[in-house]
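Novice: Chains as they are written, first to last, in my numbering: chain A, 1 to 230; chain B, 1001 to 1079; chain C, 2001 to 2079; chain D, 3001 to 3752.
Hints listed in this document are in silico derivations from the structure and should not be mistaken for laboratory results.
Where hints are given, some of them may not hold.
Computed cross-link-like contacts, DSS-like style, restricted to lysine-lysine with a CA-CA straight-line distance of at most 25 Å [claimed, not checked]:
| # | chain 1 | residue 1 | chain 2 | residue 2 |
| --- | --- | --- | --- | --- |
| 1 | B | 1064 | C | 2064 |
| 2 | D | 3306 | D | 3357 |
| 3 | B | 1002 | C | 2057 |
| 4 | A | 2 | A | 71 |
| 5 | D | 3075 | D | 3234 |
| 6 | A | 110 | C | 2040 |
| 7 | C | 2002 | B | 1040 |
| 8 | B | 1040 | A | 110 |
| 9 | D | 3306 | A | 35 |
This structure is a prediction, so every number in the text was calculated from the model and none was measured.
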Amino acid sequence: MKTAVIVFPGSNCDRDMEVALTQATGTPAQRIWHKDSTLPDGLDLIALPGGFSFGDYLRCGAIGARSPIMKSVAEFANRGGHVLGVCNGFQVLTETGLLPGALMMNAGLKFVCRDVHLKVETTDSPYTRAYGNGGVIRVPVAHHEGNYIVDDATLETLKAEDRIAFTYCRPDGTEGGNPNGAMADIAGVLSGNRRVLGMMPHPERLADPRLGGEDGAKLFKGLVDTMATA
Amino acid sequence: MKARIFVTLKNGVLDPQGQAIAHALGTLGFDGVSDVRQGKMIEIDLDEKDKTKAEPKLTEMCEKLLANTVIENYRIEMD
Amino acid sequence: MKARIFVTLKNGVLDPQGQAIAHALGTLGFDGVSDVRQGKMIEIDLDEKDKTKAEPKLTEMCEKLLANTVIENYRIEMD
Amino acid sequence: MSEKPLKKPAEKPKAKAAARKPATPAEPEVTQALAAEHGLKPDEYQRILDLLGRTPSFTELGIFSAMWNEHCSYKSSKKHLRTLPTDGPQVICGPGENAGVVDIGDGQAVVFKMESHNHPSYIEPYQGAATGVGGILRDVFTMGARPIAAMNALSFGAPEHPKTRALVGGVVSGIGGYGNCFGVPTVGGEVRFHPAYNGNCLVNAFAAGLADADKIFYSAASGIGMPVVYLGAKTGRDGVGGATMASAEFDEGIEEKRPTVQVGDPFTEKRLLEACLELMASGAVISIQDMGAAGLTCSAVEMGDKGALGVELDLDAVPCREAGMTAYEMMLSESQERMLMVLRPDKEDEAKAIFDKWDLDFAIVGKTIAEDRFLVRHGAETKADLPLKALSGTAPEYDRPWVPTAAAKPVGEVPAIAPAEALKTLLASPNYCSRRWVWEQYDNTVMADTVIRPGSDAAVVRVHGTEKALAFTSDVTPRYCFANPVEGGKQAVAEAYRNLSASGARPLATTDNLNFGNPEKSAIMGQFVGCIQGIGEACRALDMPIVSGNVSLYNETDGSAILPTPTIGAVGLLASLDELITMAPGDGDALMLIGASAGHLGQSALLWELFGRAEGDAPPVDLRAEAKAGELVRYFGKQGLITAAHDLSDGGMGVAAAEMALAAGIGVTVTGHATLSDAEWFFGEDQGRYLVACDDAHLPRLTEAAIATQMPLRRVGSVGGSKVTLGESAVSLTDLEAAFEGGFARMMGEDG
Ligand SMILES: Nc1ncnc2c1ncn2[C@@H]1O[C@H](COP(=O)(O)OP(=O)(O)O)[C@@H](O)[C@H]1O
Ligand SMILES: [Mg+2]
């Protein structure tokens, strides 16, 4: 499985993502500079990493979304390519319009770094298929702008099309534990073709038993399985 | 030419920063504040001197970058 | 009454946001942009209807909370 | 201003001086009064006149004031700093460079330092703290190391002081704002509150980086005629006068002296980091120095001085942010995110490609010269022409008078306490409640190597791509240092040693950030000298040499000084993550106390927090016992004999046991003592002690090892249930957790 990580100036989880992808696929993930305008051939997945692309100045992800490479990433997605955006990557995806909605400042107005619990709302996606239905996983968040909002009509569509991938919850799966005020506790959403996922929590940061948890690893495993059977 | 662009959250979009300011003003003893909204002001120095030429350019800047029209409105002011 | 408060960085204070916006505008092909500064606009709904009474109140709000007068200036506008 | 008759400048080489002295009508005339405004004492000004044989130009005066102020010259502290141990087989580079470098095996090194940004943070908490973080990160990556961990040691005034909340809020969000964006995990630190910091908060920032031991970069220039290259953000008028201000005591006139506040740009810093590391890998860098306080001046002089070369600067080439900047302003600007380097001329194209890739400003602003000269040109004029070596070499050095701190009076009667109630009060207090409110605003897991996050003894970060790990801690107990500087100095190092040991790490080396009041007062100087003595003794005994550090003096407002606060940052090594020890015991474990208890209550947290009493002497530190206790805990860890360990510090055994219970979410029971009172036994702060938890089955081996090393070891309780029981009294874990976890938000007024 061939994967690549887009690197913006200010990305700071690019290496973490590279490590997680390389570990999961057994093939080194490539790094692609934001000023490039073309993608290497034969990619199976493009990851947009966390961090502060362009300092997150103006709006999070806004300037990154207008980088030269993002045209090719959009084309890749529109051709049915798999794109994963984590944290800042999610913000970039909403800014490009590849995913609906926007990420606003956390309701508590502060940066928040902690482990959160997520309810896997659908296993019908390459990213979530390795998780048991309705299962609860633990992964860290680290962001200042993770407060997801969409208009009511789109929210209804997301629900109707089963495109909400993860919601924040308590350890026992009950409602609560939302760290940022996101609408409907949404932590991650899928595109219409279910191949683009944006999520605020960082699966790549808890994919190693040495770091105290492996729940994130299954997301990458699901991808690998999907590609193997595709 | 100097232009000022005001970017504000659309009606109906929750503004946690504005709310926090309202709350803090209350705590500081300022009463009679019924609503606070926080927006951005972006001041741009343009070489262009002609307003009619500058305006479409500024509009394009707003649409393409300065505002996220999913949640924000913008208004352009030129000197 | 509605008031608008414009908070801007003092002259000479580094504005990384403004610089990044200017750079991004350049990358997007907008030329002729010589300088960009980013500031805040805070819109306040006040119960007070009398401008002369509102003004000192707003000034106090700016000094105490809305502006960081170490690095920022503010300007008050009332409808 | 005083109207004392000015000493006449030396008249002799007048003709020569006139020929060389650059004259610009717009510049103020240099007089002793102007020198005084620059913080130069009359004898210091005279030294300049003698050195030059003429009156300095305005720019030259600025350069001298920057080089000779306390901040850059260490003129009050140097004599004493020299007594600190800085050597050891593990040390690759000790103090004197941007950061210390320590061997961690396998050809790798850890590079670290701690630095204060106290005054700027008091004036503008967000930007002051942010730029403090930026500065220390630059120190680390200037040496060729990628930053992998950051800490911050913060001291604020009384929680109820009107300024405290705003300072805490601003400082914490500034540290987070900068470090989070840059992408370094902030994994530890300290937060304390005490009225002595009402007028002067302390913000000490630590950073550590990882490098290959044979690829460390230094500041000494080499080669004649080599291009001096400026890289990074443009120069503005930021902080002009800042270095001078950072060494002046605060007074009511502070509003007037306020320079333009420096604003941090972490995005530029991140690009600077990546560009510098790429540049270093390309082989283009001969020497490199970041621009910190008095940026261009200090960095250029340092590069020349260390390389025994002169430097010529052409200020016309300096990238400026503002129009009309003068030579004086450019030489003193403290604009952030800037680097100066000497590059290999044959690598110019490669270097340029890297700068362009990262969209960073760069310019060749000068060259190295053979003569011992610091030549600064601007426009057609020579703005400064100074003997370079003498600029730092002849900086004043003082042996300031000092008096030893008087011995403390013994502690008066301590009333009887209900231990569980006292525990709850302590753990709810701003000083001893959980710092979660703080560290959750810091990204502590970025880089995906954080093994032990904040909230434990030391933080532990894996060495990327290996099974090794580094442990980090920051410690000092200013109450102790105030009562007894020598023991307090020792204790700061000993506590750092304990925190590392309790995590299973072998202590490696230390950085210090010495925060004190006005050194011109003999009592303050006495605190300084005493603390250094204690720190030195402890670093020697515990084999933790000082490899870097920073001194911040004049932390006084209206004559009232901070508590002596020599913050110790320390780094330890875990050869394998299998050696890791956590703080969370298992259900049913036995709770064992290592070390001797005399029930020392002098300067204890209990006395201060419950009774508002700051009495008695600091607890004595037996350095030999400390070393042995640490070794024993690490041995237990390596042998897999214990499930958890935690050192005893503020609040003694009661607080330590409760913290272990809270970490595990399981209750603990600690039984009372036969002869010591509950206050003494549960809250005494005797040093050199740890609580460890183990399975009963391991007790014989634990005992055996303790007897063999002659370390006191006794069973004091057990783990289990849902309460914390101290002797006869108990508190539910739920209550305790609410008190502990809610304390900080309550202090900030955010509890609803
Ligand atoms: N400013 C801070 N930033 C990050 N972590 C902090 C900060 N202050 C305290 N901590 C963390 O909180 C925990 C408790 O701090 P402290 O009581 O000072 O520890 P100890 O007594 O073990 O030295 C430690 O893990 C420490 O690193
Ligand atoms: Mg500890």
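Novice: Hint by hint, say whether it matches the structure.
Specialist: Hints, verified against the model:
| no. | hint | result |
| --- | --- | --- |
| 1 | B/1064 - C/2064 | 36 Å, violated |
| 2 | D/3306 - D/3357 | 31 Å, violated |
| 3 | B/1002 - C/2057 | 30 Å, violated |
| 4 | A/2 - A/71 | 20 Å, holds |
| 5 | D/3075 - D/3234 | 31 Å, violated |
| 6 | A/110 - C/2040 | 18 Å, holds |
| 7 | C/2002 - B/1040 | 17 Å, holds |
| 8 | B/1040 - A/110 | 19 Å, holds |
| 9 | D/3306 - A/35 | 39 Å, violated |
Hint check: violations occur at hints 1, 2, 3, 5 and 9; the rest are consistent with the structure.
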